[in-house]
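Q: What follows is each chain in one-letter form.
Number of protein chains: 2
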Amino acid sequence: MTVTIKDVAKKAGVSPSTVSRVIADHPRISAETSRKVKEIMEELGYHPNLMAKSLVSRTTRTIAVILPKPAEELLLNFFFYELIRGVLAQLTRSGYDLLMAGGSNEQEELETVTRLVRGGRIDGLLLLYSRSSDPIITFLRKEKMPFALIGRSLDYEDVPSVDNDNVQAAYDATNHLIAQGQKRIGFVSGPTKLAMTQDRMTGYARALAEADLPFKEGWVVEGEFLLESGYRAMASIMSQPEPPTALVVIDDVVAFGVLKGLAELGYRIPQDVAIVSFNNIALSELTMPPITSVDVGTYQLGYTASQMVLRMIQQVEITARQIIPHRLVVRESSLRTVAQHIPS
Amino acid sequence: MTVTIKDVAKKAGVSPSTVSRVIADHPRISAETSRKVKEIMEELGYHPNLMAKSLVSRTTRTIAVILPKPAEELLLNFFFYELIRGVLAQLTRSGYDLLMAGGSNEQEELETVTRLVRGGRIDGLLLLYSRSSDPIITFLRKEKMPFALIGRSLDYEDVPSVDNDNVQAAYDATNHLIAQGQKRIGFVSGPTKLAMTQDRMTGYARALAEADLPFKEGWVVEGEFLLESGYRAMASIMSQPEPPTALVVIDDVVAFGVLKGLAELGYRIPQDVAIVSFNNIALSELTMPPITSVDVGTYQLGYTASQMVLRMIQQVEITARQIIPHRLVVRESSLRTVAQHIPS
DNA sequence: TGTGCACATGGATACGGTTACATTGTGCCA
DNA sequence: TGGCACAATGTAACCGTATCCATGTGCACA
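Chains as they are written, first to last, in the UniProt record's numbering: chain A, 1 to 344; chain B, 1 to 344.
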């Protein structure tokens, strides 16, 4: 039915092993034979059976991406497409395929990973999140399966991972506000158990300290990666006797809530309150006003993490932690003086 | 090294074929033997080699999703995560894996698909877009490979596909505005070569006709699925002697541009101009005001399309075109009377 | 008591490749 | 002219599983 290596061999008048060698570009095959065999392959429309190949080579040329379980997906929602495009670009370039898997709970996730790894279906994998004391990481290390983390592990220092320098990113964002002449700068934070949150908080505090600006407890609000979180934060943060005139916000979605909250309270942005946030999702340039945001290089994160896994597969030495550069994208929300638009 | 079916067999004192049958839950295996073998499998930590299994069964339990090439991804960007989650949910439930593939151009895409299909790597696939005279569809039909389309084929009537009833959706959206007492309703359209655009236009026109409302050329603007498109449309559409007081907008992102354009022109929404749009992406409830939008059931689209492919693989009869119900999500942007929020 | 049959299991082979090792042929040199 | 190195190719084993076919056992029944 389907044309196999043997059919090609027979028709070309050579042995199957010769055909196999032609496919693999083996050096000790004569140019003449190679040409002829390739011609026959073309003629018969031969395509190697990938399963047979995998079985004998113990290699699948497939990398898996493990999707976080629903509870952890909120932030990811907006990143996902670009992240995957980055991953796919790198993998395709290297002739690898991408397998996506996940589970509805932690137990299921581990089972899936076990099945894929022990079943020899994948050569490596990518984890899109970092959770503390993750059994999957423990398992992968034990199995010596190449993998990389997008983000940062709170448990192990030496887990191969690709991340941003979130301390520096927050430092830069805060300094941007300071450079605009801001003196009273608040911080709308995320879940403090996340490394990302902790790091950004650190950067924020450092920038304030270096500029001799006050760090006030009341100007810092902890929340979730949700619109509501930013919205509610405004009620508490702006009701103080001396509210901040600028805010660093942990994430664009949260910033959107902040915008909404401030608008309802009658503040103008950026004239009354200036805003800087993080992640630069597609959303952030669509708001009114557009939000100044730190671009974290989502595509790069995916691209680099894949590259890291591929290197590990090829036994190439890698640096365990790669940092993707960030970039502050300045938009209207953070600028002190703005050309006012007069409706016609 | 890795534990195989033979190792289990030896330790259990049975033949490899018996172990194989235990795994497959073969009826003619004694309860006693089954129990014992399973115990040994557990003890040795046996996991079946998926490649070997695939090789002999000619089945991979893998479905591929082909990502559109960059040029066609604009709309998809916001859908993607939910769509994939729908796909993954269905596949996981049925014990299938998801392979993602794509190419940077049409040629590459076809090569990838050929490699996967002819290489026996997948059992079926999902196409996330519809392009006219698509060589991939032609190829898949020739190979008799199960596949389904998300969207609608403009070339073939009988391609298995999952879609919305876009005529009805637009009809409903327009009628919602009519029910609000709107008389002058315009339409901000998308690329007319797309079936989706054509269908929505049809539904819009039909609703107007049935309500004896005027359909004016000047109230209809064609564009792209871009923010700018909606933004620019406002300049032309609202500069007419008698501009519309309500707009049906082809997509949420475009609607966002519309919002921006109207705001700059000094119109209030919904008091001066009411807005209804489509797709109900996460964005649409975050705008000011939140946009009334037709939810197209993104998750369902993915879920159902996967189901369709799985059915085809199992040789179950299917209906070639499945329609996912839509649902109008009413928000502030379309309501005539709105409780005004007074800033405190 | 011998025949037939259902049931539980084993042996052998096939799936489509790769690769270690064996074999053949050629040219070159002593 | 015989021997040898080396290039080019063939032979056969193996990757881990599924399954066809054969086999042995116990039991009902004629």
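In case anyone wonders, no lab produced these hints; they're calculated from the structure.
Treat each hint with caution, since some may be false.
What the hints assert, rightly or not - Computed Cβ-Cβ distance ranges for the label pairs, DEER-style:
(1) A:Lys142 / B:Ala320: 56 to 62 Å
(2) A:Gly95 / B:Pro16: 30 to 36 Å
(3) A:Lys38 / B:Leu76: 35 to 41 Å
(4) A:Glu42 / B:Thr2: 55 to 61 Å
(5) B:Leu76 / A:Arg327: 54 to 60 Å
(6) B:Ala320 / A:Glu42: 48 to 54 Å
(7) A:Arg327 / B:Glu39: 55 to 61 Å
(8) B:Lys216 / A:Gln271: 35 to 41 Å
(9) B:Ile323 / A:Pro325: 42 to 48 Å
Claimed, not checked - Partial list, derived from the structure: chain B residues whose beta carbon lies under 7 Å from chain A:
(10) Leu44
(11) Met51
(12) Ser54
(13) Leu55
(14) Ser57
(15) Phe80
(16) Ser94
(17) Gly102
(18) Asn105
(19) Glu106
(20) Leu110
(21) Gly120
(22) Arg121
(23) Pro290
These numbers come from a predicted model, not from an experiment.
Every residue gets a Cβ at the ideal spot worked out from N, C-alpha and C, and that includes glycine.
Q: Against chain A, is Pro290 (chain B) within 7 Å by beta-carbon distance?
A: Result: violated, 10 Å to nearest chain A Cβ.
Q: Okay, Leu76 (chain B) versus Arg327 (chain A) on CB: inside 54 to 60 Å?
A: violated, 25 Å
Q: Have a go at the Asn105 (chain B) hint: is there a Cβ in chain A nearer than 7 Å to its own Cβ?
A: violated, 12 Å
Q: Going by Cβ atoms only, is Met51 (chain B) closer than 7 Å to chain A?
A: Cβ of Met51 (chain B) sits 4 Å from chain A, so the hint holds.
Q: Does Arg121 (chain B) pass the interface hint, meaning its C-beta sits closer than 7 Å to a C-beta of chain A?
A: At 5 Å from the nearest chain A Cβ, Arg121 (chain B) passes the 7 Å test, so the hint holds.
Q: If you check the beta carbons of Lys216 (chain B) and Gln271 (chain A), does the distance land in 35 to 41 Å?
A: Since the Cβ atoms of Lys216 (chain B) and Gln271 (chain A) sit about 40 Å apart, the hinted range of 35 to 41 Å holds.
Q: At a threshold of 7 Å, is the proposed contact between Gly102 (chain B) and chain A supported by beta-carbon distances?
A: Gly102 (chain B) check passes; min Cβ-Cβ to chain A is 6 Å, inside 7 Å.
Q: Holds or violated: is there a CB of chain A closer than 7 Å to the CB of Ser94 (chain B)?
A: violated, 13 Å
Q: How does the Cβ-Cβ distance of Gly95 (chain A) and Pro16 (chain B) compare with 30 to 36 Å: does it lie in that range?
A: Between Gly95 (chain A) and Pro16 (chain B), where Cβ atoms are some 34 Å apart, the hint holds.
Q: Just to be careful: measuring from the Cβ of Gly120 (chain B) to every Cβ in chain A, is the smallest value less than 7 Å?
A: OK, holds: Gly120 (chain B) within 7 Å of chain A, min 5 Å.
Q: Given Leu110 (chain B) was flagged as interface, is its beta-carbon under 7 Å from a beta-carbon of chain A?
A: Hint violated; Leu110 (chain B) Cβ to chain A Cβ min 13 Å, cut 7 Å.
Q: Please verify that hint: Leu44 (chain B), Cβ, nearest Cβ of chain A, below 7 Å or not.
A: violated, 11 Å
Of the numbered hints given earlier, the model fails hints 1, 4, 5, 6, 10, 14, 16, 18, 19, 20 and 23; all others are met.
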